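Q: Here is how the chains run, residue by residue.
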Amino acid sequence: MGDSEISALINSYEVSPKAVFMWMSGLSATHRVNDDMTVDEIILSARNETENFLLNSIEANNMRLQRLSSSYSAEQIASDKILENQARSLLNIQSQLESALDIVKSGGPMIYGLEVSGDQKALSQLRSNGNIEMSISTALSNTISIDRRSLKPEAYRQEYRDNSLIETNSIELHSMMLEKIDDVPDLLFMKPHNLDNL
Amino acid sequence: MKFIKEKMVPILSLVACALLWHPTASATFYPTTGDLYYNGYYYMNSYFLWGVPTWSISSPGYEHDLWVHNNNYFTSTCTTMTNLPDSYDDCATAGLGDVNGPVFSFGTYDANRITANYYYFGAWSWTSHDTSVSTTGFNLQGQENRNICGVLKSIWCMQATQTRNLISGYSMNWGGFPTTILF
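First to last, the sequence lines map onto chains A and B.
Per our numbering: the first sequence = residues 1 to 198.
Per our numbering: the second sequence = residues 199 to 381.
Hints listed in this document are in silico derivations from the structure and should not be mistaken for laboratory results.
Any given hint might turn out to be false.
[Claimed, not checked] Some chain B residues near chain A, calculated using beta-carbon distances under 8 Å:
#: 1; residue: N237
#: 2; residue: Y245
#: 3; residue: T278
#: 4; residue: M279
#: 5; residue: T280
#: 6; residue: S285
[To be verified] Cut-off 20 Å, straight-line C-alpha distance, at most; resulting in silico cross-link-like pairs (SDA-like, lysine to any residue):
#: 7; chain 1: A; residue 1: K18; chain 2: B; residue 2: T273
#: 8; chain 1: A; residue 1: K18; chain 2: A; residue 2: K152
#: 9; chain 1: A; residue 1: K18; chain 2: B; residue 2: S274
#: 10; chain 1: A; residue 1: K152; chain 2: B; residue 2: V349
#: 11; chain 1: A; residue 1: K152; chain 2: B; residue 2: P376
#: 12; chain 1: A; residue 1: K18; chain 2: B; residue 2: A225
#: 13; chain 1: A; residue 1: K180; chain 2: A; residue 2: R161
#: 14; chain 1: A; residue 1: K152; chain 2: B; residue 2: N345
#: 15; chain 1: A; residue 1: K81; chain 2: A; residue 2: K18
#: 16; chain 1: A; residue 1: K121; chain 2: A; residue 2: M1
#: 17; chain 1: A; residue 1: K18; chain 2: B; residue 2: V349
#: 18; chain 1: A; residue 1: K105; chain 2: A; residue 2: N48
#: 19; chain 1: A; residue 1: K18; chain 2: B; residue 2: T325
#: 20; chain 1: A; residue 1: K81; chain 2: B; residue 2: A225
#: 21; chain 1: A; residue 1: K152; chain 2: B; residue 2: C347
[To be verified] Short derived list, chain A residues pointing at chain B, Cβ under 7 Å:
#: 22; residue: A29
#: 23; residue: R64
#: 24; residue: Q86
#: 25; residue: I93
Note that the structure is a prediction, hence the values are computed from the model and not measured.
Beta carbons: idealized from backbone N, C-alpha and C, even for Gly.
Work out the full structure, taking the sequences as your base and the hints as a guide.
A: What follows is the structure in structure tokens.
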């Protein structure tokens with residue numbers, strides 16, 4: 001479901017959004033807010049926050065790629081199963097983060113759930129909508145009653161695997177790591193003082 | 199992460215050694231190698247891997263817990279993200295019952311799917327900070343847990359079975375130098 005569909009669906013009820021649950025390219029994420037927001041505002045906030053989050057994460061992953069590629073040669077990585085696995089997993093994370101960023105920036109579907117609060121009547125009306133699956137939590141004084149169901153779709157339990165990486169010859173992993181580091185725009189690359197501090 | 203001055207030298211020594219360190223295959227419920235990165239403001243992440251993931255129960259979960267000692271260092275709830283298999287984000291429960299400071303977490307419902315020597319990562323971000331609080335202690339902990347609700351999967355169902363400090367004894371400073379600690 002796209003952002004505009006979610007917004008149209010929830011806006012027809014008198015409820016306030018509190019958190020957004022997201023999944024993109026195997027990455028599970030929750031964006032929670034303290035302030036009162038409209039549905040449109042929290043979706044925009046989630047998308048902006050997630051974009052920043054992913055940019056920070058790509059930068060941080062580059063730091064790990066650089067650390068591994070500068071500590072070991074291509075031959076050392078290719079001849080050691082442990083190092084090979086580490087290289088493949090870091091490259092897989094890079095691919096995963098870039099894929100997720102594409103989805104976030106292009107406006108692709110990424111939200112599978114919202115947490116909302118409202119009075120009993122509004123929540124009952126929401127529950128009667130056949131397009132919405134609900135898990136109810138109620139708070140009375142200091143007692144919290146929780147419906148323990150997870151609304152995360154079963155398909156989202158899969159891990160992300162970049163198939164091109166699985167097929168890559170182990171001797172090529174080192175150069176792939178260097179390419180990924182070089183591919184990062186200057187804006188995202190770790191500043192020298194970050195590297196000095198490692 | 200900016201550290202208090204007297205701890206800076208030991209940290210730099212540790213990092214220099216770790217760069218040349220090859221992980222050994224020890225059987226543990228917690229990741230044997232990893233790190234924690236803090237940009238000095240609202241963003242942290244951690245990379246970690248197991249030599250031989252080993253569990254005390256047949257259907258284990260695993261949780262990566264960031265315990266921030268001062269309640270007011272981060273004053274918003276957090277946003278988390280992780281690539282752990284069958285993952286969950288547990289910022290929702292941070293602060294609830296955490297009498298010694300909030301614990302910001304992410305994890306997996308199915309730790310049996312964790313692969314040896316494969317990097318996993320997770321990250322946290324926040325949106326507000328109490329300007330009167332410039333520093334706080336913190337711990338990074340690895341926790342094996344069990345789902346007490348059976349087949350239902352919910353963050354409210356995950357109960358600790360074993361916990362291990364991965365990083366402890368350090369402080370983080372607001373506005374400090376972006377820094378990584380290895381474990």
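Q: Run every hint past the structure and note whether it holds.
A: Hint-by-hint comparison with the structure:
{"no.": "1", "hint": "N237", "in the structure": "holds, 7 Å"}
{"no.": "2", "hint": "Y245", "in the structure": "holds, 6 Å"}
{"no.": "3", "hint": "T278", "in the structure": "holds, 6 Å"}
{"no.": "4", "hint": "M279", "in the structure": "holds, 4 Å"}
{"no.": "5", "hint": "T280", "in the structure": "holds, 6 Å"}
{"no.": "6", "hint": "S285", "in the structure": "holds, 4 Å"}
{"no.": "7", "hint": "A:K18 <-> B:T273", "in the structure": "holds, 16 Å"}
{"no.": "8", "hint": "A:K18 <-> A:K152", "in the structure": "holds, 17 Å"}
{"no.": "9", "hint": "A:K18 <-> B:S274", "in the structure": "holds, 12 Å"}
{"no.": "10", "hint": "A:K152 <-> B:V349", "in the structure": "holds, 14 Å"}
{"no.": "11", "hint": "A:K152 <-> B:P376", "in the structure": "violated, 34 Å"}
{"no.": "12", "hint": "A:K18 <-> B:A225", "in the structure": "violated, 41 Å"}
{"no.": "13", "hint": "A:K180 <-> A:R161", "in the structure": "holds, 17 Å"}
{"no.": "14", "hint": "A:K152 <-> B:N345", "in the structure": "holds, 16 Å"}
{"no.": "15", "hint": "A:K81 <-> A:K18", "in the structure": "violated, 45 Å"}
{"no.": "16", "hint": "A:K121 <-> A:M1", "in the structure": "violated, 25 Å"}
{"no.": "17", "hint": "A:K18 <-> B:V349", "in the structure": "violated, 27 Å"}
{"no.": "18", "hint": "A:K105 <-> A:N48", "in the structure": "holds, 9 Å"}
{"no.": "19", "hint": "A:K18 <-> B:T325", "in the structure": "holds, 14 Å"}
{"no.": "20", "hint": "A:K81 <-> B:A225", "in the structure": "holds, 18 Å"}
{"no.": "21", "hint": "A:K152 <-> B:C347", "in the structure": "holds, 16 Å"}
{"no.": "22", "hint": "A29", "in the structure": "holds, 4 Å"}
{"no.": "23", "hint": "R64", "in the structure": "holds, 6 Å"}
{"no.": "24", "hint": "Q86", "in the structure": "holds, 6 Å"}
{"no.": "25", "hint": "I93", "in the structure": "holds, 6 Å"}
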